[in-house]
Amino acid sequence: MQRTHRLDRCAALAAMTLLAALALAGCASSGNRVARQVGSYTLTPDAQLSYDYLVYRDLLQQIQREVALGKRSTLSREEALKLQKETVTALDRVIKAAPSPELYVEKAGLFWNHREGTSRSRAVLKEGLARFPGDRMLILYLANSYVADNRVDDAIAVMNQFLEQHPGDIESREKLGQMLMDAGRDAEALDVLKGIPEAERTPDALYAMGRVQGNLGMRRQAIANLKRAVAMDPEFTEAQVELAFQYELAKDYASAEAIYTSILEQNESFPEARLRLINLDLKLNNPDKALNLALDGPPTKDFILDAVLTFISDGFYAQGSTVLDMLTEGGSIPAEYYFYKAVIADEGENDMEKALGFLDMVDASDRLYPHALRFKARILSAQGKADEALDLAAGGKKRYPDTPIFYILEASLLKQEDDYHGAERTLKQGLKRLPGNPDLTYELALVYEFMERREEGLGLMEKIVRAHPDNANALNYVGYTLAEEGRDLDRALVLVTKASALDPENGYILDSVAWVHFKKNNLDKAWEHIGYAVDLVDTDPTIWEHYGDIAAALGNKAEARKGYNLSLKFHTAVPEAVREKLGKL
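The sequence shown begins at 878 in our numbering and counts up one residue at a time.
Take these hints with a grain of salt, some might be off.
Claimed, not checked - Restraint ranges, calculated between C-beta atoms of paired labels, are given here:
# : residue 1 : residue 2 : range
1 : Ala1241   : Ala1430   : 53 to 59 angstroms
2 : Lys1178   : Arg1097   : 35 to 41 angstroms
3 : Arg1097   : Lys962    : 26 to 32 angstroms
4 : Arg1310   : Gly1432   : 50 to 56 angstroms
5 : Val1451   : Asp1202   : 42 to 48 angstroms
Stated by the list, open to error - Computed list of lysine-lysine pairs in BS3-like fashion (alpha-carbon distance at most 27 angstroms, straight line):
#  : residue 1 : residue 2
6  : Lys1305   : Lys1231
7  : Lys1178   : Lys1128
8  : Lys1434   : Lys1446
9  : Lys1396   : Lys1340
10 : Lys1439   : Lys1461
11 : Lys1396   : Lys1434
12 : Lys948    : Lys1231
13 : Lys1402   : Lys1434
14 : Lys1439   : Lys1128
15 : Lys1292   : Lys1262
16 : Lys948    : Lys962
17 : Lys1402   : Lys1128
18 : Lys1128   : Lys1160
19 : Lys1305   : Lys1262
20 : Lys1128   : Lys1446
21 : Lys1402   : Lys1439
22 : Lys1305   : Lys1292
23 : Lys1128   : Lys1434
Source of the hints: derived by calculation from the structure; they are not laboratory data.
Beta carbons: idealized from backbone N, C-alpha and C, even for Gly.
Put together the whole structure using the sequences plus the hints.
Encoded structure:
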């Protein structure tokens, strides 16, 4: 801090005086008031400042020791609050004598985990800004306090206001760009980060630019910036992982594999790189190599389950089962073992009875039990035992009345029986118990879509968007519906673009982005995004029909035929319409 050296000099000059004062005043942690006159000694202002600062530091160290002890701390709540109050009082004396932005930051930190939360810290930071207007450090901490409360818009407003007054502040511009990136506002983030002169872009700034460019589909530019970030900082692992991921999306698997392998050579236990390399080997149809990578990975439950899901999602069930068996080596077997064994039995071995047997092993007290109940109900439904499935769903509702999944499950089962009115009743029952729940509202809107009550469904989705502006599914539904109806296309594009930023690997949302661009006659953009969509979801007939429509509009008849034929292959709901489009080609 700015005043540290001065305080240290004061402490050295007044050492003899302080020794006498400490001897008579007692231990700093005793909470005794600081005497300005001790025996025959009167402390000078500098000596008093040094003494107050040392008292504060001693109290702060006590707090830090107790925090490090965690649950082993013997302090009662009352004693902890008293210690905090004494520390704040001591710091206030220092601030009164020698205020600085750093001291206000330290004071804000004393309230960060306070029962009043970050609001008290924020008040201290604003007090500091009133004294030191425009101080960058205080501004950054104030913005971070809003981020901690999930008030990202307020944090961004603080940073924007600061940058309006200090447009050349590179560090703050970089921080704002990262905030916008974390908030999923990629286009805004890119605009802010581009404001940093190229020669002054740090590895962090280049990494952020690469990430947002990747999210915006600017693959070539993303790779260029991430390569620069790694060249400037060869140990920047996050940038390496992102670069390899962008190579994957660009289908340059050799470059991606080389980077992941290099990361593992530098740090064998880095789980994300290992998982990405496993995924890549499966794409390249090297399941044995992927299995060895998984078996050599960290023996933690989180890593094992992530690896198992990677094998399952790519259809390598036997290898996933082998990795899953690693969970049986540590004594007690977690519920996840039985749950994922059930998934493998059902999806990979087509043995529903075996799957039900594994699900029965999940204990009723386990957090996975409601998910096991739902899974059992779906298997029973697939076996044609609709009544048993509905009984399980009703039992789940009774046992977990405030859990939306069982209302959604029952509604789904009723829809399978073409009982849309029953599904509507169930979802309304759930909404009566859980007013405004976005998942229940979303499912009810979908039921209205099936019942040809689209306007009611759209109205519900609009409510979700207003109450939950980061709900990607609702944003996508409203945007896609507007595009289908050919109205308010500018707003539709904003909605689906935001949905894609929130869930960038969702092929259905990327299809919506492509479709809105198609409706706006942005054919090049439409073609770019429909390509991403079919890469991620390659068996959906509607997406392939859109692929054909966009290719036909571009005059690419070969790709249009490919799209329409695949739409028919995957059993489109409108085969005659698709055949007619083929005929017109």
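Right, here's what the structure says about each hint:
1. Ala1241 <-> Ala1430: 53 to 59 angstroms: holds, 56 angstroms
2. Lys1178 <-> Arg1097: 35 to 41 angstroms: Given a distance of about 39 angstroms, which is inside 35 to 41 angstroms, the answer is holds.
3. Arg1097 <-> Lys962: 26 to 32 angstroms: violated, 58 angstroms
4. Arg1310 <-> Gly1432: 50 to 56 angstroms: holds, 55 angstroms
5. Val1451 <-> Asp1202: 42 to 48 angstroms: holds, 46 angstroms
6. Lys1305 <-> Lys1231: violated, 35 angstroms
7. Lys1178 <-> Lys1128: Measuring from Cα to Cα gives roughly 31 angstroms; hence the hint is violated.
8. Lys1434 <-> Lys1446: holds, 18 angstroms
9. Lys1396 <-> Lys1340: holds, 25 angstroms
10. Lys1439 <-> Lys1461: Measuring from Cα to Cα gives roughly 14 angstroms; hence the hint holds.
11. Lys1396 <-> Lys1434: It holds: about 19 angstroms lies between the C-alpha atoms, which stays within 27 angstroms.
12. Lys948 <-> Lys1231: Distance of about 44 angstroms is beyond 27 angstroms: violated.
13. Lys1402 <-> Lys1434: Holds, at about 18 angstroms.
14. Lys1439 <-> Lys1128: holds, 20 angstroms
15. Lys1292 <-> Lys1262: Answer holds: Lys1292 to Lys1262 is near 15 angstroms, not above 27 angstroms.
16. Lys948 <-> Lys962: holds, 21 angstroms
17. Lys1402 <-> Lys1128: OK: Lys1402 and Lys1128 at ~19 angstroms, within 27 angstroms.
18. Lys1128 <-> Lys1160: Status holds; Cα separation ~10 angstroms.
19. Lys1305 <-> Lys1262: This hinted pair holds, its Cα atoms lying about 25 angstroms apart.
20. Lys1128 <-> Lys1446: It holds: about 25 angstroms lies between the C-alpha atoms, which stays within 27 angstroms.
21. Lys1402 <-> Lys1439: holds, 19 angstroms
22. Lys1305 <-> Lys1292: holds, 15 angstroms
23. Lys1128 <-> Lys1434: The hint holds at about 24 angstroms.
The structure is inconsistent with the numbered hints 3, 6, 7, 12, although it conforms to all the rest.
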